[in-house]
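J.: Chain by chain, the residues:
Protein chains: 2
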Amino acid sequence: MKAALISDFLLSRIERPEGRADTSRTSPLNVQVYRLTREAILSGVFEPGLRLPSSRDLAKELRVSRNTILYAYEQLFAEGYLETRAGSGTFVADTVPDQITPPQSKPTESFSTSHGLSGRGRKLVASPSESYSKWGAFRTGAPDVTEFPKKVWMRLQNKVWSRSDPELLTYAPRGGHMPLREEIAHYLQISRSVNCDAGQVIITSGTQQSIDLIMKLMGRGGDTVWLEDPAYWGSRSMLSTFDLDVVPVPVDEQGMQIQTQSDRPPRFIFVTPSHQYPLGTVMSLIRRRELLQYAARNQAWIVEDDYDSEFRYGTRPLASLQGLDEHGSVLYMGTFSKTMFPGLRIGFLVVPKALSEQFAMGLSELYRGGQVFNQAILTEFMRGGHFGSHVRRMRMLYSERLNVLHMAIGKHFGDYASIIDGEAGLHLTLGLPNHCNDRAISEQAKVEGIMCRPLSAYYANPDHGRRGLLLGYSCVPTEQIEPAFDRLARIIKRHW
Amino acid sequence: MKAALISDFLLSRIERPEGRADTSRTSPLNVQVYRLTREAILSGVFEPGLRLPSSRDLAKELRVSRNTILYAYEQLFAEGYLETRAGSGTFVADTVPDQITPPQSKPTESFSTSHGLSGRGRKLVASPSESYSKWGAFRTGAPDVTEFPKKVWMRLQNKVWSRSDPELLTYAPRGGHMPLREEIAHYLQISRSVNCDAGQVIITSGTQQSIDLIMKLMGRGGDTVWLEDPAYWGSRSMLSTFDLDVVPVPVDEQGMQIQTQSDRPPRFIFVTPSHQYPLGTVMSLIRRRELLQYAARNQAWIVEDDYDSEFRYGTRPLASLQGLDEHGSVLYMGTFSKTMFPGLRIGFLVVPKALSEQFAMGLSELYRGGQVFNQAILTEFMRGGHFGSHVRRMRMLYSERLNVLHMAIGKHFGDYASIIDGEAGLHLTLGLPNHCNDRAISEQAKVEGIMCRPLSAYYANPDHGRRGLLLGYSCVPTEQIEPAFDRLARIIKRHW
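From first to last, the protein sequence lines stand for chains X and V. In terms of my numbering, the first sequence opens at residue 1 and continues consecutively. In terms of my numbering, the second sequence opens at residue 497 and continues consecutively.
No lab work stands behind these hints: they were computed from the structure. All C-beta atoms in this analysis are idealised placements derived from N, C-alpha and C, irrespective of residue type, glycine included. Any given hint could be a false lead.
[Stated by the list, open to error] List time: in silico DSS-like cross-link candidates among lysine-lysine, alpha-carbon distance up to 30 Å: (1) X:Lys60 <-> X:Lys2; (2) V:Lys942 <-> X:Lys353; (3) X:Lys493 <-> X:Lys446; (4) V:Lys907 <-> V:Lys942; (5) V:Lys655 <-> X:Lys159; (6) X:Lys151 <-> V:Lys647; (7) V:Lys849 <-> V:Lys942; (8) X:Lys353 <-> V:Lys556; (9) V:Lys646 <-> X:Lys159; (10) X:Lys150 <-> V:Lys989; (11) X:Lys150 <-> V:Lys498; (12) V:Lys647 <-> X:Lys150; (13) V:Lys989 <-> V:Lys907; (14) V:Lys849 <-> X:Lys123; (15) V:Lys907 <-> X:Lys151; (16) V:Lys989 <-> V:Lys942.
[Claimed, not checked] Partial pick of chain V residues on the chain X-facing surface, computed with a CB cut under 7 Å: (17) Leu501; (18) Lys630; (19) Leu713; (20) Tyr863; (21) Ile987.
[Said to hold, decoys possible] Residues from chain V that keep clear of chain X, each with C-beta distances beyond 10 Å, as calculated: (22) Gly583; (23) Phe587; (24) Lys646; (25) Glu663; (26) Ala668; (27) Gln685; (28) Gln704; (29) Val868; (30) Gly881; (31) Gly884.
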């Protein structure tokens, strides 16, 4: 190509934004000039030795600022595409070797799809369980974040950020911010009868990371894991990424039915004893002791997921399984997602003393935790009594919403309604007759803007799962509960 | 036991804090009363049918508040240890079954240690690589967080938190906060010539989670992974938790030496082309094209870790490998840990278009991301131009500190100093003669309060690694650099 044609070549190819609002759709001009020139060099359109116009001239001809051209030239110079010769200007480098000419074939579009996700990965994203909306009727498992005392939080936030402590902004210390670990230990001792000191509390970014950390540090290829059936999809998803034999274990009204006759005892037993997810069963005291004894005898680890025990309406919550354990065989998981707000992403693990130092180290080695500033704000929030009073206030609010939902259900279904769990947590489970297709109801409700998860989807084999709908009431404004259920009831009745 | 002795039994066992400051060492009184009573019931000291004193009487005798006793009683009642009989008081329940009596043997202390961490987990925590201090001479890889414009951040933080948008506090949308993904895409196009749109940008909690996500979604058991030798310990640690065959590949002055003769091509190739970690090599253009061609031919995925390319002093940074790629075979990783502050824990992945939806879904399924409020503050910070000006200011500051360190090294070692990398990033690598034990120097420096990582420790086999010291200068106040190096030089000279 002749030097005089360079500006024409570029001018014809530059895409200019059509207006201010359009800038996001086209690349910035300097990037375009850089890319077009680079491609022209690589494809041989601009040959080695070709002299480029001065940045001033080219800018004028392309009607762009000189900085735009300077940026592109400097970048190409740094990458070896251009070279300068003393006193005579800028040239396409002689040393762009022939062998680096890109293949002239079209990019292999199929590359990503054929060699991309593993079978495991494909399965994981094939039917995502995460809700498509974060808010409204009847999303499960989300607190009412509009009721969160933001002003208090902002005040404490400003207080913490005003400290001149560099450690707040760097990586977290092993195991997390010690004052928060102390607050959590204290809280768990009192309200959950957990037997622990602050050193056993490991701050994670939530239950998912807690499970990940347990499996990364303790899991061995092929380990058997007992998981309640039905179970929380988040635990199932995380476990599915490991090389484990996950065995679904049925739940009755006393909790997990321990398979004492099993010829291959598990290495891990995942349970939700305070409030079975999603059925709401409370594991009985006898079953708890059986489980602890079975675990001790078979050297199995119990992973206790105590995700929402703060919210029981009426009876007091049962103490934790961990507090009953005498063999250091329980790994206890908790979260602030329900009591504070999910986006905070602070959860914790309580591990046996003998493992605490190793877990703290493993967390740092693997994740290099941070967010100390948020951990420090949460510490102040707990110390100041705001956590306790917020939980109490929400318990009353959710209890009221639960009542409204109960009444709405009663209005439509009366004695036919079978409410599987309606005493605790952030959702209730409405049982449906076996001939009802809960997944179809859920899909149709979605079209009308109502979320309700089908109970059967929580089972390892949804076809054999109990039918029902999980109805979250915690993040629905009270006055919207009845109208929303009215619409849902019409859909349910079509399938009844 | 006689009912009259119950209060004596408890009184003799309660541990009272010795003063206000001591409260953390003993459990709260209500927890103690609860636990002591429960243990007495389980061990048979308090027999079934035993009548307990009224809460009022017991409180008086134990000299505690009545609420303390009420708490303990309610808890024990809820757990089935106590029962009430109409009109006659509170009794130890008859139904505490014999079979739940705990084994009288001592807790098996050996349980946790013998059946705890897997071999992999033990290896991971056996020699932790995470620095014991987050700050000061000569910690590597940490920016100077005291220079971070906290006031600007706090202003934006208050602005974002004042919005009445519940989505800020709930779980993150798939792939992260879209406005931030747009800002990052725009930034990467301009400054790193990355070829992407916002949909390809996946917000993670840092490089560790980025690697974890790639491997959880794409990794297959036994996959071969090429990792530069030497390499960042964080990548090595994370990869070690998967079932992978990690092959260390030597690095020369042009970058990774691609093993084209390898009979088993890798499925993943991890590289730091802009600034090899920790040697600082920049991968040459020829080597980049060879690598891209090799990857395309062998259907391998290149994972490009572009962790600190913002900090080059003198020459411009080279464009990203991703921008040169024509086959969609590069997964690009970036982080805000160096440009903003490590504790922010925001990083990102740029994935090929064909994988972007799957990665966004996989992230939500596995981690249920949150921190949208911080993502929104960062968006405002970038939009307002604060990010660009902060990076420029830090580049000047670090460049000055690098000069001071250069001079200090020159003063002590003159022509004998071999500085392997001194052009970019947040640390320089001081090469040492092969007979120097860099690990011993590092240990001795630690005793004197100076951190310096031994270069050999970054190699797959430290015994065959090049000897040297990584000296981070970015988080050392300028005036402390020379005195700190003076002390370090004395230690080095003892080993020279």
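J.: If a hint holds in the structure, say so; if it does not, say that too.
T.: Right, here's what the structure says about each hint:
no., hint, in the structure
1, X:Lys60 <-> X:Lys2, "holds, 18 Å"
2, V:Lys942 <-> X:Lys353, "holds, 28 Å"
3, X:Lys493 <-> X:Lys446, "holds, 16 Å"
4, V:Lys907 <-> V:Lys942, "holds, 22 Å"
5, V:Lys655 <-> X:Lys159, "holds, 16 Å"
6, X:Lys151 <-> V:Lys647, "holds, 19 Å"
7, V:Lys849 <-> V:Lys942, "violated, 47 Å"
8, X:Lys353 <-> V:Lys556, "violated, 36 Å"
9, V:Lys646 <-> X:Lys159, "holds, 12 Å"
10, X:Lys150 <-> V:Lys989, "violated, 57 Å"
11, X:Lys150 <-> V:Lys498, "violated, 53 Å"
12, V:Lys647 <-> X:Lys150, "holds, 20 Å"
13, V:Lys989 <-> V:Lys907, "holds, 13 Å"
14, V:Lys849 <-> X:Lys123, "holds, 19 Å"
15, V:Lys907 <-> X:Lys151, "violated, 55 Å"
16, V:Lys989 <-> V:Lys942, "holds, 16 Å"
17, Leu501, "violated, 25 Å"
18, Lys630, "holds, 4 Å"
19, Leu713, "holds, 4 Å"
20, Tyr863, "holds, 5 Å"
21, Ile987, "violated, 25 Å"
22, Gly583, "holds, 22 Å"
23, Phe587, "holds, 16 Å"
24, Lys646, "violated, 6 Å"
25, Glu663, "violated, 6 Å"
26, Ala668, "violated, 7 Å"
27, Gln685, "violated, 5 Å"
28, Gln704, "violated, 5 Å"
29, Val868, "violated, 5 Å"
30, Gly881, "holds, 15 Å"
31, Gly884, "holds, 13 Å"
Violated hints, listed in ascending order, are 7, 8, 10, 11, 15, 17, 21, 24, 25, 26, 27, 28 and 29; each of the other numbered hints is respected by the structure.
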